Amino acid sequence: MLKKAYIGLLAVAALAAVLAGCGTAPATGAAQGKLVFNTCVPCHGENGGGNARLRAPAIAGLPEWYLVRQLQNFQKDVRGAQRDDMEGHRMRPMARSLYHPGDLEGVAKYVAGLPIVPQAQTMTEGDKAAGETTYTSVCIACHAADGKGMEAVGSPRIAGQADWYLYLQLQKFHSGMRGTHPEDTYGAQMRAMALTLADSTAMKDVVAYIRSIPVK
Amino acid sequence: MLERFIPAAASYSGDVDQLVWLVTILVGFWFIAAEAMFFWLIFRFRKKEGVKAQYITGKEKHLKQWINIPHALVLVFDVFIIIAAIRVWVHIKQTLPPADRTVRVTSQQWAWTFQDPGADDSLDTEDDVFTTDELHVEKDKTYHFKLESKDVLHSFFIPAFRMKQDAVPGRIYTGWFKPTRAGDYDILCAEICGIGHGVMGAKLVVESAEERAAWLAAHAPAVDETATDATATDAASTDATSSDSTSAAAGQQ
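Protein chains in written order, with UniProt numbering: chain V, 1 to 216; chain S, 1 to 253.
For reference, chain V alone in the conformation it holds in the complex (with noise of 0.2 Å):
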């Protein structure tokens, strides 16, 4: 009879144990991206605001459809596997590592909910005002005047991003390493805009003016 009882008890427990595992539900969504998250946090920072000596950008706060956009570029090969791209190479496989369903969705979403975190100046060169003159004949079409980009035309959001990281994707945009694969219609836009300043000191212009623009 107590033997019985015993293993009663015993198989109460099993099934309690089990239930309670299962009462857990997945998360989703924002949730979900926020787990996810912590594969970004060793190089993108806690609260997304990038690292300069890993030349990761800051993420937080970009727009979810560009994030979904650019980790589904980095998953097909469409950014990060062009011969020298040290930043898209670390990124490319990262991107890959979300493939649980949700995953990609997830993190983008989360990611879009941080705040815009403040960037340091890195970049001492660059004149300004030629950069304006610049900017509000070629770069404002599409990133608007407050340089928040605009989703209609596939442009994110560049005010308040880190002025090394303009600079370094102006020069990935004018060499080809980046918006010249097939499949990267907006890249190919990007480039051909990259490809109307002349030389390396007009890049850093437009970058300085984009670094003044203030972040709304």
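By construction, these hints were calculated from the structure, which means they are not laboratory data. You may find that some hints are simply not true.
What the hints assert, rightly or not - In silico BS3-like cross-links for lysine-lysine, where the CA-CA straight-line distance does not exceed 30 Å: (1) V:Lys76 to S:Lys203; (2) S:Lys61 to S:Lys47; (3) S:Lys141 to S:Lys164; (4) S:Lys150 to S:Lys164; (5) S:Lys48 to S:Lys59; (6) S:Lys164 to V:Lys76; (7) S:Lys146 to V:Lys76; (8) S:Lys178 to S:Lys146; (9) V:Lys148 to V:Lys216; (10) V:Lys76 to S:Lys139; (11) S:Lys146 to S:Lys203; (12) V:Lys76 to S:Lys150; (13) S:Lys164 to S:Lys203; (14) V:Lys148 to V:Lys128.
These numbers come from a predicted model, not from an experiment.
Place chain S on chain V using the hints.
Chain S alone, transformed into the frame defined by chain V:
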């Protein structure tokens, strides 16, 4: 038998497998012998009525031989293992047979970049084909590889070749392999190199001469005439510490 689990696709894969077997058999023999003796002694001298346990110092000659004889035999077997291991090591690591072709392998967090010499079989010429995370080699040709690292320690590991070589920043290591079996195989990083180490994989394609020629034709470098090198000059002016990351578009994948 190892081939049932991991295909052997290089000329020296079998040598490594034989060495693994030799070590497994010799060490396995002594493991089983030692455990069998251990349990037999426990059983043989188990507690018995009327028998008092003795304290044994092990200094007596007839007792010490239980240690000394197996010890000497293990050392003799070690010599066999060392001789076999050195023969394989010299063959794979210290011998460099003439190359039919040389490829450059560059590791970085967290990707492999390969530079194929192209149709002229000469590295650093215009027809070189650059690929990321995919290496194409021709079956039954001897390859040299120039292994480099751009940032931290990595290790170029091709399980099907039984080949592994560390990549040390600042050094260029020259190694070789001769693929003997067509197919797709894994390339892995075998040195912890950061958070993306586990996903730092690539594909090795061993193919026939015809297949490689077709692949080369499909991946011939396209020269982008709009590209300029104006941006490759002063990346160092930023505060970042990575090496220069810009390059001409020509030859990109």
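Exercise for review: Could you check the structure against the hints above and give me the numbers of any it violates, in ascending order?
Suggested key: none
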